[in-house]
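Visitor: Taken in sequence, the protein lines are chains X, W and C. Throughout the first sequence, residue numbering follows the working numbering, covering 73 to 321 in sequence. Throughout the second sequence, residue numbering follows the working numbering, covering 12 to 241 in sequence. Throughout the third sequence, residue numbering follows the working numbering, covering 240 to 559 in sequence.
Heads up, a few of these hints could be off.
List time: in silico DSBU-like cross-link candidates among lysine-lysine, alpha-carbon distance up to 30 Å [to be verified]:
| hint | chain 1 | residue 1 | chain 2 | residue 2 |
| --- | --- | --- | --- | --- |
| 1 | C | Lys541 | X | Lys96 |
| 2 | C | Lys541 | C | Lys300 |
| 3 | X | Lys217 | W | Lys22 |
| 4 | C | Lys361 | C | Lys351 |
| 5 | X | Lys96 | C | Lys300 |
No lab work stands behind these hints, which were simulated from the structure alone.
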Amino acid sequence: MLYKRIYQFLIIYFIGLAALMLVKYSLNLSDYTIPGVTEIWTTCRRYFGLYLMAVLNTLCVAILGHLLSIGMATVVGIIGRLTIWVGSFIRVAAYNIQAYPIVAVAPIIFILLGDGLSSRLLIAAMICYFPLLLSFIGILSEPVKEIEHFFESTRRMNWRLQVKIRAFENIHKLITVVVGSATLAMVGTIVAEFIAANAGIGYSIRIALYQSDLAKILVALFLIGICTSIYLVFLEWIGWFVKKQLGSI
Amino acid sequence: MRLELKELNYKYPGSVGDVFRQLNCQVTEPGFHALFGPSGVGKTTLAKMIVGDIRGFAGEINLQRIHQVLYTYNLERIPGWCCIREHLESSTPQSNRQRLEDLVDSFGLQPCLNSRFSQLSLGQQNRTNLARYLLQDFDLLIMDESLANVDEITKEKIILKIKSLFPQRCFLYISHNVVEVSKFCKQILVLRSHYRAPQAVSLQGQNFNGQRVLKEKDLEQSMLEIVNAL
Amino acid sequence: MILMLASAGCARDDEKSMEEVSYRLKWLFNISVVGDLYAHDSGLFAKNGLKVIVKPGGPEKDAIKELELGHAQFGVASADQVIRAVSKGAPIVVIAQLFQINPLHWIYRPDKTPLKTPQDLKGKTIGITHGGNDETIMRALLAKYDIRESEVNFFSVRYDYTPFYQGKVDLWPLYRNAQAPIIGAKLQKAGERFDLMDPSKMGIRFVANSVVTTREMLEERPETVKNFTRALLQGWQEVLKPANEQKAIDTVLKYNKETPEEIVRQQLPATRILMMPTPDFEFGKMDPAAWRQTEEIMLSQKLIPVPVFVEKLLKPVREK
Numbered sequence: 073m074l075y076k077r078i079y080q081f082l083i084i085y086f087i088g089l090a091a092l093m094l095v096k097y098s099l100n101l102s103d104y105t106i107p108g109v110t111e112i113w114t115t116c117r118r119y120f121g122l123y124l125m126a127v128l129n130t131l132c133v134a135i136l137g138h139l140l141s142i143g144m145a146t147v148v149g150i151i152g153r154l155t156i157w158v159g160s161f162i163r164v165a166a167y168n169i170q171a172y173p174i175v176a177v178a179p180i181i182f183i184l185l186g187d188g189l190s191s192r193l194l195i196a197a198m199i200c201y202f203p204l205l206l207s208f209i210g211i212l213s214e215p216v217k218e219i220e221h222f223f224e225s226t227r228r229m230n231w232r233l234q235v236k237i238r239a240f241e242n243i244h245k246l247i248t249v250v251v252g253s254a255t256l257a258m259v260g261t262i263v264a265e266f267i268a269a270n271a272g273i274g275y276s277i278r279i280a281l282y283q284s285d286l287a288k289i290l291v292a293l294f295l296i297g298i299c300t301s302i303y304l305v306f307l308e309w310i311g312w313f314v315k316k317q318l319g320s321i
Numbered sequence: 012m013r014l015e016l017k018e019l020n021y022k023y024p025g026s027v028g029d030v031f032r033q034l035n036c037q038v039t040e041p042g043f044h045a046l047f048g049p050s051g052v053g054k055t056t057l058a059k060m061i062v063g064d065i066r067g068f069a070g071e072i073n074l075q076r077i078h079q080v081l082y083t084y085n086l087e088r089i090p091g092w093c094c095i096r097e098h099l100e101s102s103t104p105q106s107n108r109q110r111l112e113d114l115v116d117s118f119g120l121q122p123c124l125n126s127r128f129s130q131l132s133l134g135q136q137n138r139t140n141l142a143r144y145l146l147q148d149f150d151l152l153i154m155d156e157s158l159a160n161v162d163e164i165t166k167e168k169i170i171l172k173i174k175s176l177f178p179q180r181c182f183l184y185i186s187h188n189v190v191e192v193s194k195f196c197k198q199i200l201v202l203r204s205h206y207r208a209p210q211a212v213s214l215q216g217q218n219f220n221g222q223r224v225l226k227e228k229d230l231e232q233s234m235l236e237i238v239n240a241l
Numbered sequence: 240m241i242l243m244l245a246s247a248g249c250a251r252d253d254e255k256s257m258e259e260v261s262y263r264l265k266w267l268f269n270i271s272v273v274g275d276l277y278a279h280d281s282g283l284f285a286k287n288g289l290k291v292i293v294k295p296g297g298p299e300k301d302a303i304k305e306l307e308l309g310h311a312q313f314g315v316a317s318a319d320q321v322i323r324a325v326s327k328g329a330p331i332v333v334i335a336q337l338f339q340i341n342p343l344h345w346i347y348r349p350d351k352t353p354l355k356t357p358q359d360l361k362g363k364t365i366g367i368t369h370g371g372n373d374e375t376i377m378r379a380l381l382a383k384y385d386i387r388e389s390e391v392n393f394f395s396v397r398y399d400y401t402p403f404y405q406g407k408v409d410l411w412p413l414y415r416n417a418q419a420p421i422i423g424a425k426l427q428k429a430g431e432r433f434d435l436m437d438p439s440k441m442g443i444r445f446v447a448n449s450v451v452t453t454r455e456m457l458e459e460r461p462e463t464v465k466n467f468t469r470a471l472l473q474g475w476q477e478v479l480k481p482a483n484e485q486k487a488i489d490t491v492l493k494y495n496k497e498t499p500e501e502i503v504r505q506q507l508p509a510t511r512i513l514m515m516p517t518p519d520f521e522f523g524k525m526d527p528a529a530w531r532q533t534e535e536i537m538l539s540q541k542l543i544p545v546p547v548f549v550e551k552l553l554k555p556v557r558e559k
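Just chain X, with the same shape it has in the complex (with noise of 0.2 Å):
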């Protein structure tokens, strides 16, 4: 499974690599606008420790960013399944909150909040959060009929059997919601860095674009991707690993 993810990753990576230097050389571009790959090699030699440290830095925050989403998703998804106005008011501020790009309102969030590792959080947690809370609440307030009207008849329903029920029942939906968001939690993290923070690799890119150092973004870039690749493998497999314990599979 990881092998495979990363094989992908190499192959979409160096045909991108492949159709930089289709246009560098038929075009005549100078190593300033497309570097050669001799200065991609010794960029990346140079720069690899440096900037893996930074992407793994980031890979932290956007982890932790997106257990935080997912605990809050779940938290306000139990409450917004209910039918009364509470529920569908959460529902629609989901909807218009998450029209607002990240790019707006992560400056405010990092005057209000500094340049350190809480801001950097919240903006993590927040641009995956809303479409994680839409599909919890989605699947959340979505009556089971078929198993819970057994209970519902006994007077056996409580919410937190509700909640079971509905979540056991889209495990699959959940889990690929879940990993699907991670990349989420990676882009808004890096995002984050490059508006405004001083650390991470969003940060790195930021110092390269300002330098105009192509080869410092396209090391960042297959740290990126290498680093991404390994941790939706890894939440693939948590994922296997919780239906297999459940007995869905």
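Given chain X, put chains W and C in place with the hints provided.
Guide: Frame of chain X, contents of chains W and C only:
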């Protein structure tokens, strides 16, 4: 024990035609009764009205000495995280525990106990579902196609078991099978389309309980009456 | 009617005979590009047979890359961009130098942070943009006065000035002509005095925005380069005259509606001083010594691996 439906009128929300028009019928004693009719005539709707899941109808539904009504249908499922044994044990009230083994045995569920619901055949699933309802406290149990996908021999065994275990309870068995309702049911409520008057006709079934010989002629007579009522 | 049609036809013919070129600026439309916009709006480019599409720059835009890709024929880039690009083989030449004094300064509160000598920088929190040319300039400044980087605190600068307003940062980088009037006004409103630290007065001359084109353009279309440069420099010269102050302000406001007029009015003289230090200064003149120093600074900080001999890139266009 009495179930009385008085001048029921009902229309599905948003639809033009009536489902029930001046429907009158009653069940006046415990036993294994049937609610019979062609597809789409409103049997499930009527069952849900009796249970209280559907409101907004005109007329009365009177329940005398019937305090707990349960409704079960053939598409129900058990939660997938537990095996059949765990679910039956956890969902059976303490007062009914002694019946558990007996029902499991009679319904042929012994081989299924350690399996999860999704691993069972359709017939096993229906039997499991019915068993758990029978282990609850109820006065009236409405069984909507609860024995679909069950073979005839097992079906007979189950119905006879129900009748022997619960002689003082009331059952309303919804089925399309004219033979089985004629054979096993005491009273058969034949439900007809709303433009027919009366919309419900009450007939006597053979109420076979395994302790007497059932004459084929009597059975045929009951079946004919049902068919003619339609 | 016939005359109108004929003149319309002539206008179309004139347009057809004009050479179309693109000119990518370094930043958004603001006071620092007033001459570029004036040359366009006043018809100077057209008079010189050019239809120039002036495009705003930005953080994601790079004029040098656009020149190489053929998306633009002229551009504005800072000296460090030019030197970095040439060190990587970009075929770029410089045809005019816009800023004679680098507009990059550091704003500070003299009451709180007295700076009488460069040594007073020790122990201060200094804002820099990591990867930006303000970082390069500050490091050069510290090196010049033997101040170790461990003796100052670098603070990574973002787009907002809150850390400076809150007093967390002692010196904050900004563009003297564009941002100092805005931030200075805020500080004055709060009853605070401010001053600006000019690195060039401390011996660090780091060239800023300059007009660039490709070597190929210079060699194969010298007349176009000449016409463009003539019109551009004339536009800048005219718009920076005090007598044309209102025209300059109107030009900026036409393209930049977000900056209030009173701020633009303050930005203009600040820009004039940086581009034309004396009234009779020849606008666009190159300063080879400043360019050499810029290259030396970049070499010493290992921003370029080997010298590029920057004087070879300076190709001022002279009328014969």
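Visitor: With reference to the structure, classify each hint as holding or not holding.
Guide: Quick rundown of the hints versus the structure:
This hinted pair checks out: C/Lys541 and X/Lys96 have alpha carbons roughly 25 Å apart, not beyond 30 Å. The suggested pairing of C/Lys541 with C/Lys300 holds, with an alpha-carbon distance near 24 Å, which does not exceed 30 Å. Of the pairs offered as hints, the one joining X/Lys217 and W/Lys22 holds, with about 23 Å between alpha carbons and a cut-off of 30 Å not exceeded. Between the alpha carbons of C/Lys361 and C/Lys351 the distance comes to roughly 14 Å, so the proposed pair stays at or under 30 Å and holds.
Only pairs whose Cα atoms come within 30 Å are accepted, and X/Lys96 paired with C/Lys300 is accepted, the gap being roughly 19 Å.
The structure is consistent with each of the numbered hints, conforming to all of them.
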